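Novice: Fit the two chains together into the complex; they arrive one by one in their own frames, and the hints show the way.
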Amino acid sequence: MATPTALPRSSTAVRRRFGADEVAYGLTLIFAFLIIAVTVLLVWELWVHSALSREKFGLGFIISTAWDPVAEKYGALPFIYGTLITSFLALLISVPLGVGAAIYLSELAPQRLSNTLTFLVELLAAVPSVIYGLIAIFTLVPLMRSYVEPGIQAIAGDLPVFQGHIFGYGYLTAGVILAVMTFPYIISVSREALLAVPREQREAALALGATKWESTYQAVLPFARLGIIGSIFLALARALGETMAVTMVIGNSNAIQASLFAPGQTIAAVIANEFSEATGNTYLAALVELGLVLFVLTMVINAMAQLMIIVTTKKGSAKG
Amino acid sequence: MSRNSRRNAVNNIMLALCGVCAFLTVSTLFLILAYLVYNGAKSLNPSFFTQLPVGEGQTGGGIANAIVGSAEVVLLATLIGLPVGFMAGVYLAEFGGKTIPFIVRYTADLLNGIPSIVIGIFAWTVVVVPMHHFSAIAGALALSVMLVPITARSTEQFLLEVPRPLREGALALGANKWKTIATVIVPAARKGIMTGMILGVARISGETAPLLFTSLSNQYWSGISEPTASLPVTIYNYATSAYEDWHQLAWAAGLVLLVLVLLANIAARMVISRGASVPR
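Protein sequences, first through last, are from chains A and B. The first sequence lines up with residues 1019 to 1338 when you count with the working numbering. The second sequence lines up with residues 20 to 299 when you count with the working numbering.
Bound-form chain B, shown alone (with noise of 0.2 Å):
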C-alpha cells in the first residue's frame, strides 16, 4: 500500500510540475507584454511618430523617419519576396516531379535555417561592396531572402491542401494545367496562402540582424539609395546607449513594433480556423 501511495504521490507531483513548467513558458509573454506597456506607453506622444530624432543627450524628438524607413525596406523586401517565393510554392506543389523538388525543398529548408546576421552579410556582399555605401536597397534584399523560403514553403503547403475532387473537376472540364491552377486551385488556397505571406513579412519586419550593415541607420530622412533608419535598429541603437531619453524611446518604438508583429500573427492564424504554425 505504502508502495502505491508513494507512486500515487510522484504521479501527483510529476503532472504538477509539467502544469507548473506550462505555466511558465506561457507567462513569459504577458510579462514581455506587459513591461512593453508599462514602459513603453508614457513615451508615446504625436512627437514620437512625427518628429525626427534629437541629438545625443537632448530631450524629445521621435523616430519618425525609422517607422518609414522601416515601412520602405519592408515594403521593397515584400515586393521582390512574395512574387519569388509564391512562384517557387507553385511549383513545389503543382509541377513537381520528383528529383528537382526534393532539391528545391530541402534548398529552401536549408536557406530559412541560415541565421539572419549570415543573410546580412550576403546583402552586405552583393550589394553595399558594389555600392560602396550603406543603403536601403541591401536591407530590403536581405530581408526578401529571407522571405522567399518562408513563403514558398507555406505556398506549397496551403496548394496541396486543396481537395484532389476540385482539381479533377477542373480538368474533367476541360481546363488545361495553368488554367486549373490559376482559376481554382490558387483561389481554393488563398486564406492559407495569405496568411502564410503575412505571417512571413510580419517575421522580416522584426528582423534587425540583417539590417545592422546593409541599412545601417540614419539620423535623418533618406532616399533609398542611402543609409536608413529602421524600428529594429532603432530600438538596438537606442537600447543600448547611454541616455536615458533614448531608452524611453526605445521602449516606445519596442512597444509600436511588437504590436504591429503581433497583430498581424493574431490576425492572419484567426483567418484560417486550424491555425497556422509561426514560421520557424
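Here chain A stands alone, though its shape is the one from the complex (with noise of 0.2 Å):
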C-alpha cells in the first residue's frame, strides 16, 4: 500500500522514464516512416516524371512497338516482350536444374555438406550482376555463336524459334545468363521449403515401400509444393528486374523477332542503354515510363512469391 508522502517523487521518476521512452519510439517511429515516404516518393516521381508521355501515348504504349527518337514515338511491346522471354527461357533452365539441387541438398546430401552446398550457391547471389555479364560477353557468347546455336539449329532448325542468323548476343543467351543468376533463389527458398516438409510424410512412404525417390516424389514434393511455386516467383521477380548482365549479351535491337537466337532488348536494358543518352523530355518520359511498367511487373510477381513463401514455411514473414 503506497503512502501518500512517498507518491510524488516516485511519480516524477516514473514519468520522466516515461518521457525518454516516447522520445525513443517517436525516434524510431520517424526513421521507419522514411522508408514508406522514400517509397510513396519513388511512385510519385516515377508518376510525375512519365507524365508527358503517359498523356501523349495512354494506354497505347504497352501495346505500340515504334520507338523513334526522331518522331517521337515511343512503344514499349518490343521491350516487355523481350523482358517476358528472357525471363521465361531462364526459368525454362533454372527451375529443374535448381529444384533438382534443392532435392539433393534437403532430401540426400548429409547436414554439413548440404550445408556447405548451400552457402556456396548463395554466394552466387551476391557476385555483382556486372560480373556476371562480363564474363557472359567473353565466354558465353562465343560458346553460344560457335556450339550451342549451330548445334540446336542442326538438330531443331525447322522451328521458326531457333530460325535465322546467329549472333550469339540475343534473347537465348540472355535467359541462360539469368538462370544462371536466379539458381540462388530457386535453390535456397525451394530447400527451405523442402526441409519444412513434416519428417512423417517422408516415413509412411517408405513404411508402405515406396523407393526414395518415389517418396520425395509423391510425399515430399506436393507437400513442399507452394513453396517451391513461391521460390519460382522469387527468381522470376529478379528475372524481370535485371539488368546488367541481360544488357550487355541480348544484342539491343528494338524489334520484335521471333527467332530466340535474334538480339533484342529487355525493359531494363533499353533505360540502362539509352537513359543518359536520352534528349528531350518525351523520350525521357517515355523511358520513365518504362521504370513505372517493371516497377508494376515486379512488384506484382513479389507480392505472389511472398505470399505462396509466408503461406508453406508459415514463418510469419517472407525474406523479402
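Hints were generated in silico from the structure; no laboratory data involved. All values derive from a computational prediction rather than experimental measurement. Glycine included, every Cβ here is placed at the ideal spot set by N, Cα and C. Certain hints may be false.
[What the hints assert, rightly or not] According to the in silico footprint, chain B covers these stretches of chain A (three or more CB under 8 Å from chain B):
#1 1058 to 1072
#2 1121 to 1133
#3 1140 to 1152
#4 1279 to 1292
Specialist: As C-alpha cells, this is what we get:
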C-alpha cells in the first residue's frame, strides 16, 4: 500500500522514464516512416516524370512497337516481350536444375555437405550482375555463337524459334545468364520449403514400400509445392528486373523477332542503354514510364511470391 | 520383379540427376572465380591501382579514380543508409504494435524488391534533375535507398532473436525500455546486426544499374557533386568497348570487385555460426 508522502517523488521518476521511452519510440518511428515516405515518393516521382509520355500515348504505349526518338513515337511492346521471353527462358533452365539441386540438398546430402553447398550457392547471389555480364560477353556469347546455337539449329532448325542468323548476342544467351543468376533464389528457398516438410511424410511413404525417389516425388514435393512455386516467382521477379548482365548480352535491337537467337531488348536494358544519352522531354518521359511498367510488373510478382512462401514456411513473413 | 527393378532404376537415375543438378549449379561459382582469376590476374599491376585511365586505343593506365570513386559513393550511401535502416529495424522489432509495423515491413520488402535500375531513375528525378548534372551524391542516394530496407529487415530479424529472459531481466532490474534496448538487447544482437550491415554494404558495392545515370562516370578525379567513376560502371564501359586493352582492365577490375564482395560475404557469414542468408 503506497504512502501518500512517497507518491510524488516516485511518480515524477516514472514520468521521466516514460518520457525517455516516448522519445525513443518517436525517433525510431520517424525512421520507420522514412521507408514508407521514400517508397511513396519513388512511385510519385515515376508517375510525375512519365506524365508527358502517359498523356501523349495513353495505354497504347504498352501495345505499340514504335520506338523512334526522331519521330517522337514510343511504344514498349518489344521491350515487354524481351523481358518476358528472357525471363521465361531463364526459368525453363533454372527451375529443373534448381529444384533438382534443392532435392539433393534437402533429401540426399549429409547435413554438413548440404550446408556448405547451400552457402556456396548463396554466394552466387552476391556476385555483382556486371560481373556475370563481363564473363558472359567473353565466354557465353562465343560459346553460344560457335557451338550451342548452331547445334540447336542442326537438330531443330525447322522450328521458327530456332531460325535466322546467329549472332551469339540475343534472347537465348540472356536467358542462360539469367538462369545462372536465379539459381540461388530457387535453390535456397526451395530447400527451406523441403526441409519444412514433416518427417512423417517421408517415413510413411517409405514404410509403405516406396523407393526414396517415390517418397520424395509423391509425398515430399507436393507438401512443399507452394514454397517451391514461391521460390520460382521470387526468381522471376529478380529476372524481370535484372539489368546489367542482360544489357551486356542481349544485343540491343528494338524489334520483336520470333527467333530466340535474334538480338532483342528488355525494359531494364533499354533504360540502361538510352537513359543517360536521351535528349528531349518526351524521350525521357517514355523511359521513365518504362521504369513504371517494370516497377508494377515486379511488384505484382513479388507479392505473389511472398504470399506463397509465407503460406508454406509459416514464418510469419517472407525473407524479402 | 521386373517392375521392382524398374522402380529401383528410376530411383537411382532420378537421385543421381538431382546430384548432377547440385553439382552443376555449385560449379558455376567456381567457373566464374577461376575464369576471373585467369583473365584478371595478369593485368593487376601497381599502375592499375595508381594511374588514371588513358584515352581510347592507348595502352597502359589504371582505374585509380574508379576505385576511389566507388569507395566515395559507397561510403556516402553507407552513412545515410545504415543509420536509417538500423533505427527502422529497432522500431520494427521493439516498438511495434500491429498495424504500423506491418505496413512498414511490407513497404520495406516492396522497396527491396524494386529493380535497381528503377531506383536509379528515382535518384535521377530527385537529385540529377534539380541539380542539372550527374553527381556522386545522386549515385550515393540511389545506393542508400537500396541499403535501408536490407539493413532494417536484418536488424529486426536479429533483434527478435535475442532471448526473452534477457529483456525481462533488464526490465525487472528497473531499466526502462530504451535503456534495455540500448544496453542489453542491441549489444546482445550486435554480431548479427553487423553481419546484416556488411552483407548490405557488399551488395550495394557491386550495383551498377543505379549508378549509370546518377553518378555516371569520369575519366579524371572528381568531387562529390561531379560525375564520378565507379568500379562497376567502369567494368561495364570497358567490357562493352572495342579495345583489347580496355577488356583487360575490365577483367582486372572485375577480379578486384568480386574478391572484395566475396570476402565481405564470407567474413560476415563466418562471424555468426548459423550462416545468415544473402540479402535478396
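Novice: Does each hint hold? Answer for all of them.
Specialist: Now for the hints, and whether the structure bears them out:
1. 1058 to 1072: holds (count 6)
2. 1121 to 1133: Check passed, 7 qualifying residues.
3. 1140 to 1152: holds (count 13)
4. 1279 to 1292: Three-residue rule met by the stretch 1279 to 1292 of chain A, so holds; n is 3.
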